[in-house]
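Asks: Here is how the chains run, residue by residue.
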Amino acid sequence: MVEIRLENLRKTFGNIVATDEVNMILPEGELSTLLGPSGCGKTTLLRLIAGFYVPDHGRIYFDDRDVTDLPPHKRNTGMCFQNYALWPHMTVHDNVAYGMKLKRVEGMKYTEAAIHTRVSKALDLVRLGDLGHRHIHQLSGGQQQRVALARALVIEPDVLLLDEPLSNLDAKLRIEMREEIIRIQSEMSITTVYVTHDQHEALSISDGVAVMDKGYVQQFANPREIYSDPQTVFVADFIGQCTFIDGTITSIGDSIRVNIPNNQQIVGHTTIDGYPFQIGEAVKAAVRPEDLNLQRERPNDNEIVGQVTRTIYVGNALEVYFMVGDIAAEALLDPDSNLKEGDSIHLFAPQDEVMILPVGGVESLRKVSSHPLYLGSSSITDEPNA
Amino acid sequence: MREDSKTDPLIEAKDEFEDELIPDRFQDNLISSLASSSRRFGRGIVAKMRGFGPWLFKGAKGIASFFRNPGSRARETYLKFRRELDTLTTAQLAAVLVTFTLFLILPLVSVVAYSFTDPSTGLPSLVHFQNLFSDSNIWPWTFDTSSQQWYFFADTRTIILGPTDITIQGWDFGAIINSIYTAIIVTFFSVLLGVFLAFIVARYDFFGKSVIRTVLIFPILATPFVGAIGIKSFLGLNGLINNLFYDTLHLFPLQLQLKGLAAIIFVQSLSFFSLVYLNAYSSFMSIDPSLEEQAENLGATGSKLFRSVTFPLAMPGIQAGAILTFILSIEDLGTPIVFQEDVQAKHTLAFQVFNSFASGSLGIDPKGPAIGIILLVFALTGFLTIRKYAGVRSYESGTKGGQWNARVRRISNRTTFFLYCLLIPLLFLALIPQISVIMLSFAGPWTSNSVLPTSWTLEHYSILTTYPAVTQSIIYTLTYGAIATVIIVLLGTSAAYIIARRDIPGKTYFDLLVTSPIALPGIVIATGFFVLYYNTPVFPIDAPAFLIIMSYTVRKFPFTVRAAYAGLQSTPVVLEEASQNVGASKNQTFAKITMPLIGVSVLAGSLLSFVYSVSEVSTSLILGSLGPEQAPMTYWTKEVLSSHSSSYASANSAACLGVLMMAMQMVVITVTNKILGARSSAMTGI
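Line by line, the protein sequences are chains A and B. Under numbering that gives the first Met the number 0, the first residue of the first sequence carries the number 0, and numbering increases by one thereafter. Under numbering that gives the first Met the number 0, the first residue of the second sequence carries the number 0, and numbering increases by one thereafter.
Hint data in this document are derived by calculation from the structure and do not stem from the laboratory. Just so we're clear, the structure is a prediction, and the values are computed from it rather than from any experiment. Keep in mind that a hint or two might mislead.
Each computed DSSO-like pair below joins lysine-lysine, with the alpha-carbon atoms no more than 27 angstroms apart [unchecked claim]:
| # | chain 1 | residue 1 | chain 2 | residue 2 |
| --- | --- | --- | --- | --- |
| 1 | B | K303 | A | K108 |
| 2 | A | K120 | B | K303 |
| 3 | B | K303 | A | K102 |
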């Protein structure tokens, strides 16, 4: 099991910057997820780790080995492609055994018997024990997925790379396979890099999540931190739901005071240590819809006044859409709340649930001296940016 | 003991380890990989042969079931037809069926009937085959009844060493074995050359690649006949190859001559490799790249990757090309005719059929139809094999989603240099047919040892204008081709439309019928025309014009059908449905919506049909010899070549006619390549 260290990676295709300034340490034995919308560079990053791309500049280390210039077949990674990439001209057994036949340990190769045993064990691990003789087209989607997993795991790789493995499966199967992957990963304690655009998936299986947008890693932290302390508007918006209210800063101290439309004020906290806020700076006050309450719970709760535009009953809650000045916002309230369109609404948001976020995205992160994206720094931090 | 090993997991693991690993030795790997590939090859052939039986059986059962309950079955079929067809479609279907019945099925059936009939009694008999197999030109083992002994006639002098030269000709085992082994060797070389070039073009990017690709397009339409004319002069003792490599560059220790079957193998390999190239190229390009990436990820590179993943996945396409090459080689008439001065070349099945007409009399040597059956059997088997596996033509990998990261690697300048060192001789070889014909047509007097002729001249081209027979034949040929193409477009689009859009009973058989002419030997069709129609109003003596046109129509039908079919497949049915929804009838929709959308594909297909008609050899030569005044260009090319006239140089003048055909081919291929791209099915008609 190895730790993956990415230093200052950049990859372009002609004029298109696929990914840039990636500085991360993916810890040994943990499942790290690259999360982001289509085109954000997560698959590019995965393929850089796998060795199918050579970065424009930057280095990749497995533990202390510099693998940047190593071709894919020498990196000892096991990759599962999004479309499974199962060979149609071979049986399940031959698909899984392929890598074992090629593997050399100190100049020695595996015997036929050994290969057979290990393949059987791998197929048992993914619960496909008696399907070794079948051809690929005779398998269902979930079974194909498991063959791809078995094939990657049987060679005992240092790193397991999964490229959107569950996106071709239906909802129920997806959950089932998710559990399988988590079980296997923790049983074998293998460093895993997982690529997905589904934030539910990401939050539920990961030890660490790297949220990416337009080629940049905006935040790399554990799921709890990603959800409760997002550092940019993009991260806050991409994970879960978030209500954003534009405002300008009036005072900075232990907590930050922001002016919002309709002459209201809101007090919140920052999620980025060390960000240089300035008075008068335009920011967004972000609060999760479920943290907005109809009742004041603490004396220093923020009060927000708006006008209801729409209510939608979704069974376990009432989604309330309201306007604060020109800004559309959303709250998630008790399903029995008595609200209707046109009503004026008073909501309360506790101060430690209100996040004050700079509007710059990556540009803002560059101003933070301890962040990997800090302008002028080429070194990496020892822990994910906080 | 167990206690100990349990408490020390490291020791246990190590034991386990040592049991599993054995030294990795190159010899072992080599032996095991050879053994496994030959095993797999053998198993594959056996599986295919075994699969053939049940498939034929199923087809027969289907036909038999029709007869089991003819009454209700007929009604069912009739109702289905009525539902699917309207007046226009019925007319189209009928027209295609009538044409094919009259000019393909009946002639072939008559050949079969003729060859199995004893002419003196009119009863079915095998007498023609007996005669065939007792002719030592055809079959080497003959049984002499008078001496009760088997005699074996064969010429095994393959390599003849002279004082300063070495002559390679093939073994002569009689026409049947000759044609078969020639076809096998030709297929082997074609696959080798075609797959190699296809792989380079598909997987590597290098300086000047687009030039190479353009250059490789030209051999695609080349007919062996034209190329043979040029190669024959190149290969002689005073030909370019010897002058270049022996006299000038001193690379050869001896002068090299290829004669007889060896020459035929040489010519055909160079003419047919492009079929395999085209099929292999489109197969390589359609392999999902993630399948190769996954193999790389697991440790495979280079030749291991090629052998275990790339090549097996491209196999169906390559096999289709290889089978077609085999069939075309066995039925090729043009090349043996060019080399007919060598006795060996005459001992080929195609030439023997041609010979049975050469007398020009009312009767034909019944050997012809008998040989025709043999060719027909080969052709049909091959064709059905291709079509049977056309469905599995490319492995349906069933992969959805993910990216398609095309695996084209840019190679370094140094490697590009070595690549060109290999490519340039290969390309020279691949283009010898074209180069030689062009050079020959412009060549002035050629001294015996110089590489290039002493002067270049245009005077050979006078053959096109100053000899009325030749000039007339050119005009006739273009006319025949044009008429045939018009018929093909009308009937071919109809056939394609019926196959693509209508679900009539027997659709697969219809599809097989209209695409079969690719594989069916032209010489057998010509034989059939003769047997059936000679001296009838359809084919008056000395007037084969009508049948020539119909032969072109039927034989070059598949190209337009395939092209139109490809066009229809890429035109969603919903476009036609939308038209009908707003009020247009089926005919109006066909004219206003469908035709314009597939028009470009049909144009490409019709150009291919035209140019193939104009350079068609087998039926042109045979039917032409029965009516030289109306004969097409290819017939007169042969006449010019084998004449010993004093007023013109025969080989050079023939080459001029060849250049004319090639020029037309090159124009068409450039245009169709733009339109159809690399879709091999449309270009080769399978």
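Asks: Please go over all the hints and tell whether each is borne out by the structure.
Replies: Now the hints, each set against the structure:
{"no.": "1", "hint": "B:K303 / A:K108", "in the structure": "holds (16 angstroms)"}
{"no.": "2", "hint": "A:K120 / B:K303", "in the structure": "holds (26 angstroms)"}
{"no.": "3", "hint": "B:K303 / A:K102", "in the structure": "holds (13 angstroms)"}
Checked against the numbered hints above, the structure violates none of them.
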